[in-house]
Amino acid sequence: MGKATREAYGEELAKLIVENEKIVVLDADLTKSTKTADAQKACPERHFNMGIAEANMMSAAAGFATSGYTVFASTFAMFATGRAWEQVRNSIAYPHLNVKVCGTHAGIAVGEDGVSHQAIEDIGVMRVIPGMEVYSPCDAAETKAVIKYVSTTKNPCYVRLGRAAVDDVYNEDEVFDFSKIKVVRKGEKVAIFATGLMVQQSLKAAKALEEEEINITVVDVCSIKPLDEEGVLEILKTHDHIITAEEHNIINGLGSAISDVSVKSCPKIITKIGIKDRFAESGPFEELLVKYNLDDQEIIRVVKEILKA
Amino acid sequence: MEELKGHIKNIRKNILKMVANANSGHPGGSLSAADILGVLFFEVMDINKDNAGGVDRDRFVLSKGHATPVLYATLYEKGIFTGDLMTFRKMNSKLQGHPNRNYVDGVDMSTGSLGQGISASVGMALANKLSKNDHRIYTLLGDGETEEGQVWEAAMAAGHYKLDNLCVVLDFNGLQIDGDITKVMNPLPLDKKFEAFNWNVIKIDGHDLDQIREAFKEAKELKGKPTLILAKTVKGKGVSFMENNYAWHGVAPNQEQLEQALKEVEAM
Chain A
0 MGKATREAYG EELAKLIVEN EKIVVLDADL TKSTKTADAQ KACPERHFNM GIAEANMMSA
60 AAGFATSGYT VFASTFAMFA TGRAWEQVRN SIAYPHLNVK VCGTHAGIAV GEDGVSHQAI
120 EDIGVMRVIP GMEVYSPCDA AETKAVIKYV STTKNPCYVR LGRAAVDDVY NEDEVFDFSK
180 IKVVRKGEKV AIFATGLMVQ QSLKAAKALE EEEINITVVD VCSIKPLDEE GVLEILKTHD
240 HIITAEEHNI INGLGSAISD VSVKSCPKII TKIGIKDRFA ESGPFEELLV KYNLDDQEII
300 RVVKEILKA
Chain B
0 MEELKGHIKN IRKNILKMVA NANSGHPGGS LSAADILGVL FFEVMDINKD NAGGVDRDRF
60 VLSKGHATPV LYATLYEKGI FTGDLMTFRK MNSKLQGHPN RNYVDGVDMS TGSLGQGISA
120 SVGMALANKL SKNDHRIYTL LGDGETEEGQ VWEAAMAAGH YKLDNLCVVL DFNGLQIDGD
180 ITKVMNPLPL DKKFEAFNWN VIKIDGHDLD QIREAFKEAK ELKGKPTLIL AKTVKGKGVS
240 FMENNYAWHG VAPNQEQLEQ ALKEVEAM
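The listed protein sequences derive, respectively, from chains A and B.
Quick note: the first sequence uses numbering that gives the first Met the number 0, first residue 0, plus one each step.
Quick note: the second sequence uses numbering that gives the first Met the number 0, first residue 0, plus one each step.
Chain A extracted, bound-state conformation (with noise of 0.2 Å):
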């Protein structure tokens, strides 16, 4: 098992700090759990508490970034991308500035924090704002390379990273292009979209598919906002069936994103995993997954449907 992608922010966000001197955070008394608490600690006077208040932390990162710093604003995506939403269309969207908001503990695996804490429409809600760009990294790898990707520009940025401890798809050493998508396996006939822990999930059905003799194409979604449109239509065009899985509602998720390309320019039949319209509730994340069919076992159940229709 790897790190959780949370942690893996706060270890590259600890380091950015001390590189980069226009680099300030800001957090919402959570920063042991987000961990900007790595930062903190190598960089106290450039880490800011605003305290249980994100509407006026996410404001007040916005008054930072008009003075020329770059400025990384951490709570949970519940409250960073819903109670926070309008400061964040507002304050940091609609004027342009640069602001990246790190949401941990998204999706359902926050796992027994429940519904409330649940944030499964954050991606949704974020890339529904206009030049507002939306990341979903898997691991710790392309987690470090996004949080230092994205302190490398000026644009408002949103990162969605988890709670649970996820395994790792990639080397240290690999090497990331944000601008594109990512195949990380390559098959035929079906093909796989997956964001965040999904690739994770999408990689252990290729496998045990494998076994049998189903070969599938595995696409890691990173950037959701701005999406490769070329790479996504590349596959759509070379597969015969297309899957999309997300850890969030499937409403307004990856899987949108992937079909408003589809709809456009290649029209096709895309089976969307992901969280169906509901809530979720209290538990051990590993058993929500399987209960609100998140896990390798559904994936492999909706491939093999697919192949018999």
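To be clear, the hints were calculated from the coordinates, so they are not data collected in a lab.
Please read these numbers as outputs of a predicted model, since none were measured by experiment.
One or more hints might be untrue.
To be verified - Calculated cross-link-like contacts (lysine-lysine; reagent style PhoX-like; alpha-carbon spacing at most 20 Å): (1) LYS21(A) <-> LYS128(B); (2) LYS263(A) <-> LYS236(A); (3) LYS262(B) <-> LYS12(B); (4) LYS21(A) <-> LYS131(B); (5) LYS16(B) <-> LYS262(B).
Given the structure of chain A, go ahead and fit chain B onto it with the hints provided.
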């Protein structure tokens, strides 16, 4: 003093002309703040045409973003905005209904959604402290705006971080779009609330230029706390039929009313 009064008179006239020309906008809360912005931009802030594009100067955030006419008219009077004020709220204009910081030099934050400007000011004041930039952050807050919970989050943060480089002026005209602030949702007492959040509070008559000037001076000298200037103002100040009438919060005068209003402002 006479020169400043002349500038403020021009600001008031342009507010009225812009809103009438657009047939839309917020005259009441713009006129109530004209004296405050006049003193601020002509005597207090070190902003001018040459430095307005940068941040190495005092900055101003219009937290009550709907009062854009007073900001645009002031930047025009100061020679920072040199475009056509009469494009306000029209298509293809930089003069948006609520201000966009990327369109007009001297507009230091995009605002319009109440409560967010004061929080952005907190971020700017923290940033100035961090970068040892001695310039100050000035913010105009509405009294109705204090009904937004975010204002108190910002007040708490400014008090907590002892942001003595932040000076917020509260345009206390007593009226909001639905009526008397104490009847819609009473936020009073405002002085005690800010004091409770560890602010320095100065109460003034927001149309008395000497009192405004003195308050800014006192705020600048005070260390260890942010300052709130609680400025008692008259909504629609200078136009008899607009004064203290909440119906003029967001309504434009017609041609006849405009002519009457301009005459009255001229006679102020």
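Verification of the hints:
1. LYS21(A) <-> LYS128(B): holds (13 Å)
2. LYS263(A) <-> LYS236(A): holds (13 Å)
3. LYS262(B) <-> LYS12(B): The given pair, whose Cα atoms are some 9 Å apart, holds under the 20 Å limit.
4. LYS21(A) <-> LYS131(B): holds (13 Å)
5. LYS16(B) <-> LYS262(B): holds (12 Å)
Violated hints for the displayed structure: none, as all numbered hints are satisfied.
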